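Peer 1: Residue strings, one per chain:
Number of protein chains: 2
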Amino acid sequence: MTRARAMAPSATPLWRKLGSYLEIRDEEKGFLAELERTIVGHPPRTDLLRQGERYGDVRVMRDGWAMRHKALPDGRRQVVNFVLPGDIIGIYCNLFDIADHSVTTLTAVSVANFPPERVVELFQRFPRLAAALAWAGAKEEAIVAERLLSLGRRTALERTAHLIVELLRRLTVVNLAENGRFTLPVTQEILADALGLSIVHMNRTLRRLRDGGLIELNGQKITVNDLRQLASVGQFDELYLHLIRAPKRLDQVFDTTRGDRGDVRLA
Amino acid sequence: MTRARAMAPSATPLWRKLGSYLEIRDEEKGFLAELERTIVGHPPRTDLLRQGERYGDVRVMRDGWAMRHKALPDGRRQVVNFVLPGDIIGIYCNLFDIADHSVTTLTAVSVANFPPERVVELFQRFPRLAAALAWAGAKEEAIVAERLLSLGRRTALERTAHLIVELLRRLTVVNLAENGRFTLPVTQEILADALGLSIVHMNRTLRRLRDGGLIELNGQKITVNDLRQLASVGQFDELYLHLIRAPKRLDQVFDTTRGDRGDVRLA
DNA sequence: GGTCGGCCATAACATAGGTTAAGGGCCTGC
DNA sequence: GCAGGCCCTTAACCTATGTTATGGCCGACC
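Chains as they are written, first to last, in the numbering used here: chain V, 1 to 267; chain P, 1 to 267.
Read the hints as simulated data drawn from the structure, not as lab findings. Note that the structure is predicted; figures quoted are calculated from it, not measured. Among the hints, a few may not be true.
[Said to hold, decoys possible] Straight line, CA to CA, 20 Å or less: simulated DMTMM-like cross-link-like pairs of lysine to aspartate or glutamate:
(1) K139(P) <-> E117(V)
(2) K139(V) <-> D251(V)
(3) K139(P) <-> D57(V)
(4) K139(V) <-> D255(P)
(5) K139(P) <-> E158(V)
(6) K139(V) <-> D57(P)
(7) K29(V) <-> D251(V)
(8) K221(V) <-> E189(V)
(9) K139(P) <-> E141(V)
(10) K29(P) <-> D226(P)
(11) K139(V) <-> D97(P)
(12) K221(P) <-> D63(P)
(13) K221(V) <-> D211(V)
(14) K139(V) <-> D237(V)
(15) K139(V) <-> D63(P)
(16) K139(V) <-> D211(V)
(17) K139(V) <-> D100(P)
(18) K139(P) <-> D97(V)
(19) K139(P) <-> E53(V)
(20) K139(V) <-> E117(P)
(21) K139(V) <-> E53(V)
All chains, please: the whole structure from these sequences, using the hints.
Peer 2: In structure tokens form, the structure reads like this:
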């Protein structure tokens with residue numbers, strides 16, 4: 001674990017995250033910057049949070065990949081989601097003090113840490129930011145719900161195609177993919193755990209996608225050759241797309257809602 | 001659709017919901033009561049929200065059951081969650097105007113309706129309530145994540161056992177179950193859609209649970225005869241239990257956090 | 001520079017769960 | 001009181017996916 005300090009404030013992950021929902025105001029900037037003063041690095045394969053143990057600080061992923069996963073007592077494991085730059089870990093730890101899931105780094109990672117009381121402070125002092133945070137959480141949930149649909153009703157091939165498209169989209173938003181090409185720092189076992197498949201079947205399924213010319217794999221680089229077809233195989237839903245690249249509507253709603261009286265007015 | 005008015009404020013669903021996270025203060029009571037002035041009834045099998053269409057009002061389930069579900073273009077369907085009294089529908093519609101999922105009533109239902117702008121107002125004026133709402137959302141997500149674990153890594157028998165235990169617990173909290181007995185207003189087809197199974201296999205699996213003496217079914221009444229064993233079959237996690245009956249810790253956190261300065265202090 | 005361990009790959013075989021088909025109970029509407 | 005529709009149930013069969021086993025590659029470590 002490495003400690004570092006500071007970074008150009010506008011390059012800050014939380015800023016970028018919340019900024020995708022509304023324009024950050026001057027008075028909010030200082031607070032955000034303070035939240036992200038402490039940057040910590042972790043090597044790959046480190047647990048940032050362990051199922052059954054206490055939550056620590058709230059963490060904002062700044063760089064690198066991690067995974068959120070849950071395990072059954074007998075060791076079977078499900079990866080719930082991949083944690084990408086800008087994502088937040090353990091934000092609701094004020095409520096649940098024992099974690100019901102683990103978060104493990106996949107690559108070397110750098111995260112911003114702050115104590116959970118700061119979240120409460122944020123709710124008290126910066127309602128706009130609080131709303132943006134809550135909205136970000138809702139987006140997360142939508143992604144998990146979509147994966148639930150995958151596991152429940154999509155075949156192995158469809159699931160795999162869907163996940164690849166999802167990752168490509170999410171990574172594109174944070175500039176970590178271009179021309180359908182990105183780094184997938186993940187073993188086939190982890191992919192299998194994300195998709196509810198056995199490792200062997202995961203391998204078979206990737207082979208089918210490769211043989212079909214939809215994707216290419218070399219090492220940890222994956223290239224999507226035919227996004228349209230891949231999205232169609234995965235029955236990728238355009239609605240769900242909106243979630244990934246969120247519309248910037250919170251500003252408007254806040255500006256047209258009178259917070260000082262019981263009265264409400266629309267734009 | 002039936003319109004009605006008012007109810008004893010403390011029996012109000014949103015009140016009960018948020019009240020499970022913190023003590024509602026006098027100044028907050030009026031606002032909550034106002035939110036729930038409009039009560040609307042709907043018959044069974046009505047869509048309260050339709051995937052691909054616009055969100056309407058925010059709704060708080062007051063009475064009855066509904067389901068949140070998503071469908072693939074070819075008709076395959078996944079039930080994401082069951083909506084029980086106290087649960088909230090469409091609270092983040094300020095952000096996503098098109099719904100990525102549907103909500104359909106299972107029984108006759110009564111809900112409290114209010115316009116989404118009210119949520120913004122709530123964030124601005126009542127940070128404590130806003131936090132409680134955000135926390136409630138996080139709890140929802142934890143339930144969905146746990147179901148993801150089910151679909152990905154539990155067998156049909158385990159999944160089914162797990163779901164029954166989960167429903168029993170959730171219903172017990174809202175006084176809709178006693179002695180392990182509750183009404184499950186749901187066809188086997190819907191259950192299958194919730195668990196990612198075919199209807200035939202759903203039937204087989206329920207039969208096994210009945211033959212094993214773990215549960216009894218007659219009509220829509222289900223009786224859990226051996227909760228301990230059922231929970232063990234479903235590998236029901238005690239951690240996840242905390243989520244369902246939430247600890248009342250938000251009060252403390254709010255009371256010990258100085259919202260008026262950059263400074264934070266713990267109890 | 002050999003060996004050990006992690007990961008990928010593929011084949012052969014096993015099975016949980018899907019599909020199709022058929023019948024029965026029960027309600028609802030005419 | 002009969003027809004049609006919805007739901008539950010079971011049987012027979014099928015297939016997508018899981019399991020076990022084996023080998024090869026490659027990078028890390030001594």
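Peer 1: Could you work out which of the previously given hints the structure breaks and list their numbers from low to high?
Peer 2: Of the numbered hints given earlier, those the structure breaks are 4, 5, 10, 15, 16 and 21, listed in rising order.
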